[in-house]
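Engineer: Read off the chains here:
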Amino acid sequence: GQNIDQPTEMTATEGAIVQINCTYQTSGFNGLFWYQQHAGEAPTFLSYNVLDGLEEKGRFSSFLSRSKGYSYLLLKELQMKDSASYLCALEGRDSNYQLIWGAGTKLIIKP
Amino acid sequence: NAGVTQTPKFQVLKTGQSMTLQCAQDMNHEYMSWYRQDPGMGLRLIHYSVGAGITDQGEVPNGYNVSRSTTEDFPLRLLSAAPSQTSVYFCASSSRGGGVWDEQFFGPGTRLTVL
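Chains as they are written, first to last, in my numbering: chain A, 1 to 111; chain B, 1001 to 1115.
The shape of chain A in the complex, shown without the other chains:
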């Protein structure tokens, strides 16, 4: 099976850095996605990691380690608008693009 674990909630301060972890148990997968979801809205794409290592995209970076079974999303220079849930999802190995989603981490930014 494919179990994905994320912390339920995290709190951080405006201007700081926060790391949101995603751990998983799976026999194999194509890649790992991160999505952002503001309350009452639809998820929107942030990043996709296929290879081990860090992918940087502005204030957001995502890291994957297949051997250690985890990924993290790093948010720098936090802004109030970053208050949202962050969803981790694995893309299975078959060709039918079925994603397995974590429950998401609710990030609360305080002034």
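Computed spacing ranges between beta-carbons, pair by pair:
(1) B:1010 x A:27: 35 to 45 Å
(2) A:81 x B:1075: 32 to 42 Å
(3) B:1017 x A:13: 44 to 54 Å
(4) A:41 x B:1059: 14 to 24 Å
Under 8 Å between C-beta atoms, here's a sample of chain B residues computed to sit facing chain A:
(5) 1058
(6) 1090
(7) 1109
Calculated from the structure, these hints are not laboratory results. These numbers were taken from a predicted model, which means no experiment stands behind them. Cβ atoms here follow ideal geometry from the backbone N, Cα and C, with glycine treated the same way.
Assemble the complex: chain A is given as a structure, and chain B must be docked to it using the hints.
Structural biologist: Relative to chain A, chain B alone:
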């Protein structure tokens, strides 16, 4: 482009009623899917389609039907609504570029309550 659109945005049903949630995309995406999102749980795949005329079941298909007669539209039918189907429903679409699927684009969601 409107992207992915869903109607209605809100719906209240009584147990046993049936209804169709509409989803349309104008990006010519091959892949479309329906998810439900419940508090404390990840998005769960109900049904998906990799092209017109092709549909398949996801993780939680019971009580739902889909069809894909055109590339643009992917309606979700609730056959006989039950309180357990109270949830937020998202439609998503994606395309395949260079042999790999791109990110999924989501509609705004339909908030369904079954009494």
